[in-house]
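The task is simple: from the sequences and hints, build the whole structure.
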Amino acid sequence: MSILVYTESENGKLKKAAFEVASYAKGIADLMSTSVTAVSINADNVEELKNYGVDKVLKVSNDKLSKFNADAYAEVITQASKKEDSKIVIVSQSANAKYLAPLLAVNLEAGYASNIVALPKLDEGFVVERTAFTNKAFSMTSISTDVKVLGLSSNAFGLKENEASLSEEDFSPELSDANFGIDVVSVDKNKDKVSIADAEIVVSAGRGMKGPENWEMIEELADVLNAATACSKPVSDMGWRPHSEHVGQTGKPVATNLYIAIGISGAIQHLAGISASKNKVVINTDPEAPFFKAADYGIVGDAFEVVPELIEKLKEFKANNS
Amino acid sequence: MKILVCISHVPDTTSKINFVEDDTKFDTGGVQFVINPNDEFGLTRAMWFKDKQGATVDVVTVGGKDTEPTIRKALAIGADSAHRVDTEPLDGFQVAKELAEVAKDGKYDLIIAGRESIDYNGGMVPGMLAKLIGANFINTCVSLEVEGDTATAVREIDGGKETLKSSLPLVIGGQKGLVEESDLKIPNMRGIMMARKKPLNVVEPISADSLTEAKSFRKPKPKGEITLVDADNLDKLIDLLHNEAKAI
Ligand SMILES: Cc1cc2nc3c(=O)[nH]c(=O)nc-3n(C[C@H](O)[C@H](O)[C@H](O)COP(=O)(O)OP(=O)(O)OC[C@H]3O[C@@H](n4cnc5c(N)ncnc54)[C@H](O)[C@@H]3O)c2cc1C
Ligand SMILES: Cc1cc2nc3c(=O)[nH]c(=O)nc-3n(C[C@H](O)[C@H](O)[C@H](O)COP(=O)(O)OP(=O)(O)OC[C@H]3O[C@@H](n4cnc5c(N)ncnc54)[C@H](O)[C@@H]3O)c2cc1C
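Chains as they are written, first to last, in this note's numbering: chain Y, 4 to 325; chain V, 28 to 275.
Just so you know, these hints were derived from the structure itself, not from any lab. Each residue gets a CB set at the ideal place from its N, CA and C atoms; glycine is no exception. Treat the hints with care, as some may be off.
What the hints assert, rightly or not - Straight line, CA to CA, 20 Å or less: simulated EDC-like cross-link-like pairs of lysine to aspartate or glutamate: (1) Y/Lys281 / V/Asp266; (2) V/Lys52 / V/Glu115; (3) V/Lys263 / Y/Glu319; (4) V/Lys242 / V/Asp78; (5) V/Lys263 / Y/Glu315.
To be verified - Just some of the chain V residues that point at chain Y, by a computed CB distance under 8 Å: (6) Asn148; (7) Met155; (8) Lys188; (9) Ile233; (10) Ser243; (11) Ile253; (12) Leu261; (13) Asp262; (14) Leu267.
Here is the structure:
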C-alpha cells in the first residue's frame with residue numbers, strides 16, 4: 004500500500020526532480036500514514052533518497068533501459084506499483100515523465116492528473132490542485148479511481164529533507180519486445196548548457212534585442228547566473244533563436260525560481276507560459292510595457308546598456324559570494 | 028496512408044479566463060473558440076502528407092454541436108472528412124476512449140494529436156489513445172517523415188532532441204516544429220465552400236466514464252506591486268535578488 008514514486012536519473016545520477024517528487028510522496032505518505040517506495044532505473048546514487056523520506060527503493064539495472072523508452076519505462080513502473088500494491092504513483096513533469104505518464108495510467112487503469120501544485124485534500128474524496136488554462140487558473144480536480152497517477156509540476160513543492168532508513172532492493176521487471184516498439188536512433192543533448200526545464204534561473208529575451216547578433220550578452224548573462232536561455236515566440240519564428248528556446252503558451256512552460264525578461268513586451272500568451280516562475284525581473288525601455296504589471300522587479304532602461312553592466316556587477320557579486 | 032488528426036476545440040489564446048456557477052464552470056461568454064494551436068501544426072503537417080504522398084486525412088473531435096465551426100475550419104484547411112463524437116468531453120481518459128473507437132474503425136496508419144490542449148493542459152489524450160489501441164507513441168514531436176511503413180520522428184527532450192524510428196500505426200503528440208508558423212494556412216473562400224460539402228459524420232459515443240473531474244476553479248492571487256529599480260543602481264537589484272527574493 005505504500006506510495007510509489009518514480010525517481011528519474013540521467014547518466015546514472017538521480018535528478019533534482021527525483022528529490023522533489025520524493026519529498027512530495029513523503030508529504031502524501033504522512034497524510035495517509037503509509038510509507039514511500041521509490042523505483043529507479045540505472046541510478047547509482049539511490050542512497051541519497053533516504054534524505055527525502057524514502058523508505059525503500061526498487062533498483063532496476065538493465066542495459067536495455069540505458070536509453071529512455073517511454074513504453075518500457077512505463078511498464079517498469081507499472082510492475083513496481085503492482086508488486087507494492089501502490090494506490091498512488093507519482094511522477095515529475097519532465098519531458099520524459101510527461102511522455103510515459105499517460106501510458107502508465109492506461110496500464111494501471113488509473114485516473115491521471117497532471118501539473119499538480121500542492122498536496123491532495125482528502126476530506127472529500129481525493130482532490131488535487133492543478134494548473135489549467137496555461138497558468139491562468141487553478142483547478143481542484145478529484146480522481147475517482149482506486150489507483151491514481153499524479154504528475155507534480157516542477158518547483159511546485161520544493162525539496163523537503165526528511166531522514167528515513169532506506170532499504171534497497173533489486174528489482175527485475177519482465178519486459179518484452181513489444182515494449183521496445185520505438186527505436187531511439189540518436190540523442191542530441193546539449194551537455195554544457197542547462198535546459199529550461201532543469202534551470203533554477205532562466206534569462207529570456209525578445210524582439211527588443213533587435214537581431215540575433217546581439218544575443219552574445221544574453222548568453223553571457225545566462226552563463227554568469229548558470230541559467231538557461233529562452234526567447235519570445237517572434238524571436239524563434241524569425242529564426243534568431245532555435246524553437247527549443249520559445250517559451251509561453253504555445254512554447255515551453257517555465258516554472259523557475261528566477262525569470263529575467265529582456266526586451267520582451269509581456270503579451271498575454273508570453274506571460275501565461277512563464278507566470279509559474281517565482282520571481283520575475285523585467286528590463287524594458289518602455290515603462291508602459293505590460294510586463295511591468297506581471298513582474299516583481301523592474302528596470303526601465305535600454306538592454307544594451309543595462310545588460311552589460313549587470314553582467315559586470317554580477318561577476319563581482321559572484322566573486323565576493325563564493 | 029490514412030491519417031487521423033485529433034482536434035481539440037479550445038478558447039483562443041487571448042480569451043479572458045473566468046468562471047461561473049460558483050467557480051465550477053468555465054465562462055464561455057464572449058469566448059472565441061479555435062483549433063488547439065498544437066493541433067493546427069499537426070493538421071498542417073497532415074496536409075503536407077496529403078499533397079506530397081497522397082495521404083487521406085480525416086479529423087475528429089469529441090464534443091457537442093458547438094464544436095462544428097472548429098471542425099469545419101479543419102475541413103476548410105483541407106481535411107477530407109470529419110467525425111464528431113457527440114458527447115461533452117469530460118477528461119482525458121474519457122476522450123481517449125472515445126477517440127480509440129473512431130481510430131479502430133478507421134484503421135489509420137498515423138494519428139496526429141497535439142502535445143497538450145491549451146485549455147485543460149492535460150497532456151494525456153494522445154498517449155492514452157496509443158496505449159488503448161496498441162499503437163506506438165511519440166510525444167513532443169517536432170519533425171515527422173513517413174516512408175513505407177516506417178516513421179522517423181524527432182522528439183524534443185529537456186535540453187535537446189532525440190531521433191526515433193517507429194513502425195506504423197503510430198500516434199504522435201505534436202507541436203510547433205512539425206511545420207513552421209509561416210506554413211499555417213488561413214482557409215480561403217474555395218476551401219470554405221468545399222468544406223460545406225465534405226462529410227461530417229456524427230458518431231454515437233460509447234459513453235466512456237471519466238476518471239477525474241474538475242470540481243472548481245480559482246484564479247491566481249493578484250500579484251503584489253512591482254519594485255522598480257533605477258537603471259543606474261544595479262547593485263540594488265542584485266541586493267534584492269539575493270536578500271529578498273533569495274534567487275541568486
Ligand atoms: C496564438 C498565439 C500564440 C502565441 N504564443 C506565444 C508564446 O507562446 N510565447 C510568446 O512569447 N509569444 C506568443 N505569442 C505572441 C505574442 O502575442 C507577442 O507577439 C510576443 O510575445 C511579442 O514578443 P516580444 O515581446 O519579443 O516582442 P514585442 O512585443 O515587439 O516587444 C519588444 C519589447 O522590447 C522593448 N524594447 C525595445 N528596445 C529595447 C531595448 N533597447 N532595451 C529594452 N527593451 C527594449 C519594447 O519596448 C517592447 O516592449 C502568441 C501569439 C498568438 C496569436
Ligand atoms: C464546456 C467544456 C467544459 C469542459 N470541462 C472540462 C473539465 O472540467 N475537465 C477536463 O479535464 N476537461 C474538460 N473539458 C474537456 C477538454 O476540453 C478536453 O477535451 C479533454 O478534457 C481533454 O483535455 P486534456 O487537456 O487532457 O487534453 P490533452 O491531453 O492536453 O490534449 C492533447 C491532444 O489530444 C487531442 N484532444 C484533446 N481533447 C480532444 C477532444 N475533445 N477531441 C479530439 N481530440 C482531443 C488533441 O489533439 C490535443 O491536442 C471541457 C470541455 C468543454 C467544451
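Status of the hints after comparison with the structure:
{"no.": "1", "hint": "Y/Lys281 / V/Asp266", "result": "holds, 17 Å"}
{"no.": "2", "hint": "V/Lys52 / V/Glu115", "result": "holds, 13 Å"}
{"no.": "3", "hint": "V/Lys263 / Y/Glu319", "result": "holds, 14 Å"}
{"no.": "4", "hint": "V/Lys242 / V/Asp78", "result": "violated, 44 Å"}
{"no.": "5", "hint": "V/Lys263 / Y/Glu315", "result": "holds, 14 Å"}
{"no.": "6", "hint": "Asn148", "result": "holds, 6 Å"}
{"no.": "7", "hint": "Met155", "result": "holds, 5 Å"}
{"no.": "8", "hint": "Lys188", "result": "holds, 5 Å"}
{"no.": "9", "hint": "Ile233", "result": "violated, 16 Å"}
{"no.": "10", "hint": "Ser243", "result": "holds, 5 Å"}
{"no.": "11", "hint": "Ile253", "result": "holds, 5 Å"}
{"no.": "12", "hint": "Leu261", "result": "holds, 5 Å"}
{"no.": "13", "hint": "Asp262", "result": "holds, 6 Å"}
{"no.": "14", "hint": "Leu267", "result": "holds, 6 Å"}
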